[in-house]
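Participant: Chain by chain, the residues run as shown.
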Amino acid sequence: MSVKVPKAVYSERALAIAARTFSRRAEVFVEETKTHWVLTLEPRAKEALAALEGDFLNEALSQECRFLTAEFNETIASLQETQALLAARGGEAPAAPVKPDAALEKEAAALMAAVRKGGKS
Amino acid sequence: MSRLTDIPAGWVPDLKRLGAFNFRRMDGGWWLLTNEWGRYLMLEEGEFRLFVEGKLGDGDALSRRLGEAGFLRDRMDFGALAKGWLARTDFQRHQGPTLHEFVTTMRCNLACRYCHSSVVDPSRTDTDMSLETAKKAVDFAFSTPSPNLAIEFQGGEPLLNWPVVRFVTQYARRRAEREKRRLMVSMVSNFVLLSDEKLDFLLENFVALCTSLDGPAAVHDRVRPLLGGGPSQARVLELLCRVQKRAAGDGTKSYYKPGALMTTTRHSFPHAEAIIDLYAELGIGSVFVRKLSPIGYAKRVWGEIGYEPAEFAEFYERCLDRVLEHNRKGTLLVERWAFTCLTKVLRNTDPGYMDLRSPTGAVLGCLAYNSDGRIFSSDEGRMADHAGDPLFEVGRVDGTWAAVLDHPTTGALVHASTLDNQPMCDHCAYKPWCGLCPVYNYEAQGNIFGRVPESGWCRTYMGVFDVLMRKLRDPEARKVFDSWLAAEDGRVAVKEGK
Ligand code: SF4
Ligand code: SF4
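Protein chains in written order, with numbering that gives the first Met the number 0: chain A, 0 to 120; chain B, 0 to 497.
Any given hint might turn out to be false.
[Claimed, not checked] Here are a few chain A residues that face chain B, going by a calculated C-beta distance under 10 Å: (1) Ala17; (2) Thr20; (3) Cys64.
[As the list claims (entries may be wrong)] Okay, derived cross-link-like pairs now, DSS-like style, lysine-lysine, Cα gap no bigger than 30 Å in a straight line: (4) Lys197/B / Lys105/A; (5) Lys98/A / Lys179/B; (6) Lys98/A / Lys135/B; (7) Lys135/B / Lys116/A; (8) Lys105/A / Lys179/B; (9) Lys105/A / Lys135/B; (10) Lys82/B / Lys15/B; (11) Lys343/B / Lys197/B; (12) Lys328/B / Lys478/B; (13) Lys197/B / Lys328/B; (14) Lys45/A / Lys298/B; (15) Lys116/A / Lys197/B.
These are calculated hints, taken from the structure and not from any lab test. We put the CB at the ideal spot given by N, CA and C, even for glycine.
Using the sequences and the hints given, assemble the complete structure.
Facilitator: As structure tokens, then:
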């Protein structure tokens with residue numbers, strides 16, 4: 000059984016994410032007409048097809064809705080994402096990570112030897 | 000009540016005067032208003048309508064309150080409001096990450112129903128972290144830029160790999176000293192294998208200790224039996240008391256007081272009051288009524304021990320009521336979840352709780368180091384791996400921090416957990432204080448973005464926020480909450496030498 004959904008509502012991107020999300024539950028095949036997607040869902044286990052289709056289309060709609068929100072808020076969202084990633088890196092010009100010098104390596108080796116001597120307990 | 004509420008039919012909003020804000024109609028007919036500046040107001044329905052319809056006079060006291068808090072478009076004090084936004088989102092400008100979770104072994108001497116370690120055979124010493132990997136993990140943690148680092152030993156039971164605990168503690172302390180970085184070391188353990196010698200070492204090296212205590216024996220022993228069977232609660236209590244006594248010191252030195260954590264399962268529900276009473280009796284000072292998530296191994300046993308978000312909210316409220324009762328009778332007992340959320344709400348600052356950040360604290364604020372040297376976005380990400388899905392692996396201990404940040408999974412997690420990208424969160428009154436967990440979304444709903452309207456995560460947090468908002472309107476409860484925050488303000492001032 001196939002279901003026909005309008006391209007004006009469902010983008011290919013949203014259907015692809017929904018298909019990936021549902022990949023453990025069903026295989027999804029997509030064909031297209033000029034105005035519609037024609038979807039065929041083949042459940043991997045026994046389950047009601049109508050419910051599966053409804054759930055699948057909800058997932059696709061939810062993705063579609065998320066695209067709209069993300070697009071609408073793109074400026075503030077990307078500002079926060081970039082800021083957080085940049086700060087986590089250590090700023091625009093992060094200092095080079097400190098590497099243990101020879102003296103510290105020696106200390107580390109001595110600590111390791113000591114705990115090894117102490118055994119597992 | 001629906002989770003997103005709308006302006007009632009028949010009201011005519013005056014859009015010219017309204018600032019940007021989210022709102023929620025609360026049980027009892029009042030309205031909660033919040034905004035991006037981190038300010039909130041609780042209005043009665045009549046007040047809210049006057050505001051929405053632009054019918055408040057300029058000299059009106061409510062107008063002044065609304066103006067000051069950034070809800071009126073023509074009365075914005077951008078300097079003051081921007082300060083609020085910066086304080087609320089301070090974590091977005093942190094050099095990260097702060098929290099480094101070390102899985103020293105996957106083995107454990109307990110077999111908790113919700114834990115992946117319960118299925119690791121004790122003979123599997125191959126799941127222990129080697130000293131070489133441990134050194135690389137410490138070096139990796141110190142290659143990240145945060146001036147404040149926290150290493151937390153996790154498991155499995157960390158005491159089963161004592162050499163690594165000892166080595167990491169000493170080596171990390173040495174590095175922190177040389178590099179003048181603040182380091183906090185902590186350990187979550189069931190304490191069963193804690194000898195006097197080990198305890199001395201941990202206390203003398205200022206390792207903060209925390210154990211898991213789900214409540215009275217009737218709850219605890221049902222979900223946290225010893226490996227091979229048998230109750231563990233009495234033993235945990237005995238050990239906790241011993242640690243408390245030893246940590247109290249002899250007056251010449253002070254150590255960290257031990258803490259305890261509880262995890263809520265379906266079996267906890269009939270015992271809310273008894274759980275809180277036990278924590279109060281133990282004098283631990285705090286209790287964290289933690290939810291269980293259907294992630295990793297817990298997902299497999301969810302049918303037996305899991306629950307609906309509404310059931311959890313009800314249980315949470317009963318626990319919080321009992322906590323408040325103890326406080327009113329003079330016992331200081333802080334509920335950590337309430338404390339975390341209220342720090343956000345009442346202080347407009349970030350208490351450092353990774354779950355409630357936008358974007359999430361995964362990778363940016365914390366990393367989990369698996370015993371085999373793989374690095375995960377968070378402990379939850381590692382749990383998903385243990386259940387067979389390595390999606391949240393973002394690097395290895397012999398890699399670089401830059402490579403972890405550039406990992407495609409990291410970017411996706413940041414994007415998926417930024418609430419401005421989520422349709423329902425974008426309109427939610429709790430957005431300034433909330434956060435999403437992409438691992439939860441993935442495990443529960445099949446992709447990292449999730450479907451928030453149906454998400455158990457959202458319903459749980461919304462339920463808890465609803466409880467807290469209601470309590471905030473109760474003057475007696477508010478007094479207790481204020482005392483918790485004032486005590487914390489005092490602690491911070493001492494720490495900062497003010
Ligand atoms: S004590 Fe901790 S690590 Fe051990 S089985 Fe229980 S939850 Fe898991
Ligand atoms: S996840 Fe949080 S912010 Fe998003 S809708 Fe739910 S309660 Fe609101």
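Participant: Now look at each hint and say whether the structure bears it out.
Facilitator: So, going through the hints one by one against the coordinates:
1. Ala17: 9 Å, holds
2. Thr20: 4 Å, holds
3. Cys64: 5 Å, holds
4. Lys197/B / Lys105/A: 25 Å, holds
5. Lys98/A / Lys179/B: Roughly 14 Å separates the two Cα atoms, so the pair holds.
6. Lys98/A / Lys135/B: With a Cα-Cα distance of about 11 Å, the restraint between Lys98/A and Lys135/B holds, given a limit of 30 Å.
7. Lys135/B / Lys116/A: 20 Å, holds
8. Lys105/A / Lys179/B: With a Cα-Cα distance of about 19 Å, the restraint between Lys105/A and Lys179/B holds, given a limit of 30 Å.
9. Lys105/A / Lys135/B: 15 Å, holds
10. Lys82/B / Lys15/B: 25 Å, holds
11. Lys343/B / Lys197/B: 37 Å, violated
12. Lys328/B / Lys478/B: 13 Å, holds
13. Lys197/B / Lys328/B: Outside the cut-off at roughly 37 Å; violated.
14. Lys45/A / Lys298/B: 21 Å, holds
15. Lys116/A / Lys197/B: It holds: about 15 Å lies between the C-alpha atoms, which stays within 30 Å.
Comparing the model with each numbered hint stated earlier shows that hints 11, 13 do not hold.
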